[in-house]
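Asker: Chain by chain, the residues run as shown.
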Amino acid sequence: MAAATGTYEIKNEHGEVINTSTGLSNKKLLMWSFLGSDVMFFGSFIATYLVYRNRSLVGPYPADILDIPITSVSTFVLLMSSLAMVLALSYIQQGRQKMGTFWIFSVVVLGAIFLLFQVYEFNHFGQVGLTPRTNLFGTTFFILTGLHGAHVTLGVLWLIFLGFGSIKGSLRADNAIDLEIAGLYWHFVDIVWIVIFTVIYLISARDVGPPG
Amino acid sequence: MQTTHPGPSREPISLSFPRIIPRPKSEYGIWSWISTVDHKRIGTLYAVTSFFWFLVGGIEALLMRVQLSQADSTLIDPEMFNQLFTMHGTTMVFLVVMPLSAAFFNWLIPLQIGARDVAFPRLNALSFWIFLFGSLFLNFSWLIGDAPNGGWFGYAPNSHVAFNPTNGMNFWVIGLNILGVASIAAGLNFIVTILNMRAPGMSLTKMPVFTWMTFVTSVLIVLALPVLTVALIQLQVDRLYGTHFYNTAAGGDPVLWQHVFWLFGHPEVYILILPAMGIVSEILPVFSRKPLFGYSFLVFAGVAIGFMGWFVWSHHMFTVGLGPAANSAFAISTMAIAIPTGIKIFNWIGTMWGGSIRFSTAMLFAISFIAMFTIGGLSGVMHASVPSDAQQQDTYFVVAHFHYVLFGGAIMAIFGGIYFWWPKTTGYMLSEKLGIINWLIMLIGFNLQFAPQHWLGLDGMPRRIFTYAENMGWENTNMIASAGGFLMAFSVLLFMINVVYSARKRVPAGDDPWDGRTLEWSISSPPPHYNFEKIPNVEHRDDFWFTKHPELIAEYYHDEHSGELTAPSGAQFDDDVAEEEDEHSEEHHGDDEHGHGGIHLPDMSYYPIILAAGLTIVGAGLMTAVPVIVIGTIVLLWGLLGWSFEPVNDPVPDSH
Amino acid sequence: MSNFWNKLLYHEGRGWWDLPRTQWQDPNPQMEGPFGHGIAPIKRTWEIITAANYHHGTPWFYVLIGAILSIITIVEVWAFTWETLGGLLIPLMLVLSLAKFILVVGFFMHLKFDRKYYAWIFTACMIIGIGIFVALLLLLEYGNQTQQ
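Chains as they are written, first to last, in our numbering: chain A, 1 to 212; chain B, 1 to 656; chain C, 1 to 148.
Please keep in mind that the hints were generated in silico from the structure rather than gathered at the bench.
In this text the structure is predicted, and so the values were computed from the model without any measurement.
It cannot be assumed that every hint is accurate.
Sample of chain C residues at the chain A side, in silico, Cβ under 10 angstroms [unchecked claim]:
{"#": "1", "residue": "D114"}
{"#": "2", "residue": "F133"}
{"#": "3", "residue": "Y142"}
All C-beta atoms in this analysis are idealised placements derived from N, C-alpha and C, irrespective of residue type, glycine included.
Chain A with its partners taken away, still in its complex shape (with noise of 0.2 angstroms):
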């Protein structure tokens, strides 16, 4: 605060000037930003299936529909496809293209593999009985972890958009950027799921319908 033109002129972790008040750069601000009111979003959902935890008037209720195990390898897949993002954004970083682009393409597939395996619960559970017109848990279940899934998918296509400009040499360390704010949504929805297995897997699985 006591020098009032020094403010102007931060150098950022790279000796680059960078030419904002406060040293930190548009995009990322933006994308942290965006991510503090993706919170209240996904807040909402999850509160939102807390209140009706319990209170489907009908089943399928949760003890009889959910698979902890298979979920668990998705929350695996996932959780790695978060690894594989921060190890891309590092190699890209340090400029190496080839191993970047390969982790960029690794965390696409681990991506693609999640909903592969949301697509599958999904259907499988239509196939119980269970569907978002069913009860109270389907409604909420299915809107939230599709909700989630739709975030999944726009990170995947956001990647693959990338993954490309990395083997163009669009992307480059330069403008990493642009990978590092696409990292930070992704591991966004990595923790929202992180959420979302604890409280509807693995707390709720035992959930039997509504009490008395």
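Add chains B and C to chain A, keeping to what the hints say.
Answerer: Just chains B and C now, with coordinates in the frame of chain A:
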């Protein structure tokens, strides 16, 4: 192991996306407006659009006033009346006060913080086009005769398909979701702009109060609108696909919608009023010719309101039956939020105290803002008391309260802001004579309409009824209120006459007609395309005013310059300051030349409007048929890909 | 504010605690902080694997974090099958997923290495979000009890 592309040049490799329409270059004509990314033009577009909706919302209000002016009136049937009050509320909140504030944000924030544009100009354009299409989508429901009819709050079991099978609420749900996207995008943009684009030396504590209030508002928009989006998505899937979020027959909670809606709705109230508070905080010091009293308290109070506004939502639901503990907690938090509001009012009065006040139109609007907002605030504190609220709930007392806050508060301040900044945005003055008549009639008409509604409410007249019986004794009061409504409409007409009249007369305003304080008055009127030829260097709060009146720096900044003050010669002190300023500005100018290689502004782009159109078509498709969704998605992808591949400036000289 | 803590915690002879000079005031002390030399090797290892000077970690560091995340997930699923947990299940799950959350946010999203601004933004949003949604859940829970 180095980069796999060691190619000869380090130029970024640009991928291209086929362009169907060439990128517009001309600064004139319709295309230059459609594809503009200039924050000033976007601000003008926001202002014109939302003023149009202001007229539409006003006509809706007048129709209701005509209907209510006498007992047992049969002019409007109950269904029509429901549609009118729903669309009046929705229009005024989402299509008028929010975008009118956004018009001020767009016009003023880059000028006040000394920037050449917002952080993301194309995103800014996208916000506007989504807003425009969303507002047209919402009002399209009038044309098919099926306007939303569930109230601007759309209480859920009532707006559920079982009780409300027509298409109106679908328009409402999807339209508001589209508008929400626009608001969130704009909010994010302004957060980044205010944090990152400030002129050198402008620390957070030196920002103008309007900029501060915009920042708080943007944070509230970014955090509150997603909650509304969630509620709307839930209602939408309920209505369109038969899920059970708000279906009480399947165990849905009838109170959940109220909670989620007011979780959004109460921050929304502050989204509406904080920009107005910012505008007033800019007008008052200028026309009192002294700095704002208690800047830090005013800013802190604004931030405190923004935070506390999250924890008062259940005061909209005191009569739901939350239990005494919850009601008490929310009564206390609601009363507590009056404290920062009171601080602000005292600060504004303190600003005027001892100043040499000029009663221009803008100042008169600002002063009447304080008075009307205080009345509305006091009746708000009355609602905070639970037993008192139980009496007032759903009566015209509440209607009077929030119109005092939103019309007497927000709209009065916005009109003041229009009179204040009109010379800056156009280069000529609005007629002060007509302006003062406009203000007087608006103030009288407003009080004539809404003051009697306090009595009507306490007398038990419920809100949202389309008529009342003859023997209730409400006729005369309602007649007076209706007359007041028409007086207000006349004042708005006077404003439009003033605009046309002044546009014909064109009394040149000059750069700084009011002896302004903030940076926007330091540049020409209207501002050039690039705003600031040289990015200014900010030393003080109200820097431009102190540049004009350097002799006053010592008076207001005795802390910082206490050493210099003891020096016997004031002239010496002034020279020092001038020297310092020159030094800094030279220094920075040099950097600027080096960094930018001159002034670069982003080129025009038509992808924002394509993206916005795609989004709206998808919204329309949700109500009609899958092929429409597919078409919308294709348009959306076209806009998105074109946008991603499009360089900000065409020949790519831009290095950052 | 930082000045306040400096005055309170460090005794350089100018603060409020005008203590005599100690070896910690050497121009380049080996190790600062409350644990002294005890954690120096740990800290050195930490700096190497996180490559702290470059504001991000080394690939092996991220792999390590990924391994920890996997282990926590396995523990979660294992604990889920443990029938005797009863009422402890929910708190345990919340703590474990909170740990995962913090690891991802702190290291994968670089909040630990990055400028504190981002951490403030995200934390502020989380605080408001958690605050209002916990309040909402309590309200609805409470409302149900009064109805019965």
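Asker: Work down the list of hints and note, for each, if the structure agrees.
Answerer: Structure-based check of all given hints:
Interface restraint check for D114 of chain C: the shortest CB-CB distance to chain A comes to about 8 angstroms, inside 10 angstroms, so the restraint holds. Taking 10 angstroms as the C-beta contact cut-off toward chain A, the hint placing F133 of chain C at the interface holds, the least distance being around 4 angstroms. Checking Y142 of chain C against chain A by beta carbon gives a least distance of about 12 angstroms; that is not within 10 angstroms, so the hint is violated.
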